[in-house]
Every structure is written in C-alpha cells, then in structure tokens.
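Engineer: Please work from the sequences and hints to get the whole structure.
There are 2 protein chains.
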Amino acid sequence: MSASMMQERKSGPALARPPQTARPEVQPVLSFAPDETIFREGGEARWMYKLVDGLVRGCRFHADGRRQIEVFHKPGDVFGFEPGLEYGLSAEAVTACTVLRLARPDLARDPHAAVRLCGYAMRALAAAQAHARLLGRGSAGQRLAGFLLDLQAEPRQELMELPMTRQDIADYLGLTIETISRTLGQFVRQGMLHLVTARKLRILDREGLAALCG
Amino acid sequence: MSASMMQERKSGPALARPPQTARPEVQPVLSFAPDETIFREGGEARWMYKLVDGLVRGCRFHADGRRQIEVFHKPGDVFGFEPGLEYGLSAEAVTACTVLRLARPDLARDPHAAVRLCGYAMRALAAAQAHARLLGRGSAGQRLAGFLLDLQAEPRQELMELPMTRQDIADYLGLTIETISRTLGQFVRQGMLHLVTARKLRILDREGLAALCG
DNA sequence: CGAATGGTTGATTGTGATCAATTCCCGTGG
DNA sequence: CCACGGGAATTGATCACAATCAACCATTCG
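For the record, the sequence lines run as chains G and V. Add 20 to the 1-based position in the first sequence for this note's numbering, that's all there is to it. Add 20 to the 1-based position in the second sequence for this note's numbering, that's all there is to it.
Calculated from the structure, these hints are not laboratory results. Errors might be hidden in some of the hints.
What the hints assert, rightly or not - Covered by chain G, per the in silico footprint, the following chain V stretches (three or more residues, Cβ under 8 Å): (1) 89-103; (2) 132-139; (3) 154-162.
Stated by the list, open to error - Counterexamples of contact, computed for chain V against chain G with all Cβ distances above 12 Å: (4) R143; (5) T185; (6) G211; (7) A231.
Said to hold, decoys possible - Chain V is nowhere near these chain G residues, computed Cβ spacing over 10 Å in every case: (8) P54; (9) D55; (10) G62; (11) E90; (12) A123; (13) A160; (14) L182; (15) T203; (16) V208; (17) R219.
It should be emphasised that the depicted structure is a prediction, and the values quoted were computed from it without experimental measurement. Backbone N, C-alpha and C define an ideal beta-carbon position, used for all residues, glycine too.
Structural biologist: Structure, rendered in structure tokens:
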C-alpha cells in the first residue's frame, strides 16, 4: 500500500465545468481541474479527446493500491481511442486542462478517418515503446535522465518546468519518490542540472545525461 | 557488458532460404532460421511482414551491449509497419519461422487499407502497453507470472513449451537469466508449476500465479 | 499564523545483479 | 548406441542499489 493511494479523487465539489457553449455538440470544448478524471479505465469508450492545453496522465490502478502511469499526453495528442469498447486506461488531468471531445469515427463508413486515426495510433505506439524502453532496464539514473530528456523536446529552451509531482514521475518510471528525489540531487551534485525550485530546473549538461541512458 | 552480447548473428553461411516460388512478387513467402535477422533497426522500412508460423522477437541493441526485447510476435501478427521511414526495432526469428512479406500500403491512395493497418496498430499498441505494465513495477515474481500467463493464451492446453531461451525472457522482462531461473524454481517449490524440462512446463496453480501479478 | 501537501534527507533492509562454478540437455560423430 | 562437446540452465556466495520506514524542511493556502 504505497503513497500512490493518497492520490484521491477530488470529484466532490463539482470541479468539472460545463462546456463553454450552450450547444455542446457544436463546440465540445471541456475544461478539467488538476487531478480531475476525464475518463476511467473500463468505462465505455464513447469519445476520443484531443488535448489543447495542459498535461494529462494515462494511468491504471492496481489491486494492491499502487498506481502506474503509462503515458503523459501533451498538447496536440489525441487519446482515448481503443481497439475495443472500453477504455484501457484512466485519463486524469495533471494540470488544468482544455480538451476537445471528438466522436469516434465509424471506420466502416468513413475510411478516410482511418488514415488520421492510424497516425494517432502509430504515434501512441511509438510513445508506448519508448516508455517500455525506459522501464526495461537500467538504473534509476538512466530512467530519470531519459525522462528528463524526453520531456525537454525543444532543445534551446533551457529552463524547464516540471508540471507533475514527484509521485507522478515515480509512478511513470516505476520508482519511488525518495529515489527520484535522491537521483535528482545526485545530478545536481554532479553539475548536470540546477534546481531553481522543486518544479523548475535547468539542464546544464545535456551530453552527460544523454550519455547515461545509452 | 551482459551475456546478451553472446547473442551473435549467424548470418554467415546463407541461412536465409530463397522464396519458395520462382516468382517472389506473387508469393512472397520467406523462411528464417533461428536467430536470423528479418530486418534491422534503422533500416529502410520497405516491407511489412505477417508471421505465419514460428516466433519472432522485436528488439533493440544498446550502446552498452545489452539487448532489450520489446515484443514477441506470434503467428497472425503483422509487424514492421512504422510511422516513419525506418524500422524502429530489429526483428529476429526466435524459432524457425515462415513469414509473408507485404507491401506497405499507400494510405493516401488506398484509404481502405488504412482500416486494416489501424487494426494492426491498435493491437500493437495494446501489446506495448501490456508490456509496459509488466515492466512498470513489481517484483521478479510478478513479472514472470504475468509473462507466463500471457504466453498461455489458450487456457486448457496445460503443457506448454517455452520457445525462447532464458536470455530472451530476461531481456523481455528486464531481469537476468539467474533471476528467471531462481524465480521459476521458487514457483516450482511453491507447487505452482512443474518443469518437465527446462523448456517444457505445466502450470499447476493458475489462480496463484494470477494472484501474484495483481 | 497554522495546517496541509509536497519534497528532501537519513538509517536500514531486502531484492535482484554480479561473479563464479557446476550440471543438464541435446545434437553430433564415432 | 553411446560418448563427447558445447551451449543453456541451475545453483551458490557476495555485493550494490533502490525500497522502506521515519523524521524533518519548505511552500502554499485557508
């Protein structure tokens, strides 16, 4: 029973604002507050979502109480398409989020939509494989270094903000928050990065980090 | 530098038999001997493949010499489709294999093919996520139990053969061969399975194994 | 200002990696 | 058919790294 369980739903006081138009079928733009659930694993997969702004985690809750984050969705990503009838993962807002709600295309009727969907699926596949690569082996340092480099896609933007908590990172990398903290500290001591605050950091030695992950 | 490096290519003495017909473009059926490479990571992704018989591993080789297996393909699986121009993974025959070589569909020209491709991609995505779930966390026992249960898709066929080596399993689960061996031994001692030979086993307590993975 | 949440740090333990021998298969050739 | 050889697998001893348990800081928010 890990600290992951503490990640409680805050669904009580109506955090989900209604669509920002009177005709939801025309502008299905939704907003979600941090830690709010967009959809749940096992629920009927009626909609797909396109993330406009914010960060979303795709995760799964295990019987023993631990949580596993399988993917972080960034703006532009489409998520929630499934081979079957049910969502395979829960989707939750990490930060405040704006999403577009999309109808699942009927592939038999609209084969053209399949081309787009295909692109989404392939990109999701690449991401899932990259994640598996990260987890597959290697020390905490290798995983965390890979994670940080993946996160900073655009290179020259040297100051970067971590939108997620240590617990999120830990559940994504299959480590504990203590190990995340210590490993970050180690990177700092080695002069590879600088922690401005706990959530803002500057990568000083990109090469060095890259050398770690192999 | 792990024992994975010992996994040497045996590409010297022409193991790849030619297509079994005089007109390869009509019946592109290929055979591969164990450990033979079907395609290599980084190579130009000109073809897709459908596995007819045998077992294929999709893997990646790291700079430090270790190997990571990301997926095992079973008969019926289609593999080798990519979002980009290059293969993201190497594909190697684990056992003797028969594969169909397929042309990459031109999605712009043939949107109907996109529907099929979409199905393949979604199935591959599900597999990749299942793999990430397996790796994400949990003890060696949890990983191995999950692996064995996944492997035995058809339930009542109680005697099952492991087509791959311990090294393959280790590289798939992010563990070492010693740990695989010890964990299997532990399962045997707990009466959960019986090892007829190193490669043939019988699951005695399916429930127990399932209870482990969570 | 005080509570709460998130993050860091320290001490200890446990699990799996590593190093090192054997043993077991299984195919091969005498 | 049996002996042999070599890769695969098991087993043992030790070590290293990350999990766990437990305080302790720092920020934010009411």
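Engineer: Now, for every hint given, state plainly whether the structure supports it.
Structural biologist: Hint by hint, here is what the structure shows:
{"no.": "1", "hint": "89-103", "verdict": "holds (count 4)"}
{"no.": "2", "hint": "132-139", "verdict": "holds (count 6)"}
{"no.": "3", "hint": "154-162", "verdict": "holds (count 3)"}
{"no.": "4", "hint": "R143", "verdict": "violated (6 Å)"}
{"no.": "5", "hint": "T185", "verdict": "holds (17 Å)"}
{"no.": "6", "hint": "G211", "verdict": "holds (23 Å)"}
{"no.": "7", "hint": "A231", "verdict": "violated (9 Å)"}
{"no.": "8", "hint": "P54", "verdict": "holds (23 Å)"}
{"no.": "9", "hint": "D55", "verdict": "holds (21 Å)"}
{"no.": "10", "hint": "G62", "verdict": "holds (15 Å)"}
{"no.": "11", "hint": "E90", "verdict": "violated (6 Å)"}
{"no.": "12", "hint": "A123", "verdict": "holds (16 Å)"}
{"no.": "13", "hint": "A160", "verdict": "holds (13 Å)"}
{"no.": "14", "hint": "L182", "verdict": "holds (20 Å)"}
{"no.": "15", "hint": "T203", "verdict": "holds (16 Å)"}
{"no.": "16", "hint": "V208", "verdict": "holds (24 Å)"}
{"no.": "17", "hint": "R219", "verdict": "holds (24 Å)"}
In summary, the structure is inconsistent with hints 4, 7 and 11 from the numbered list given earlier, while agreeing with the others.
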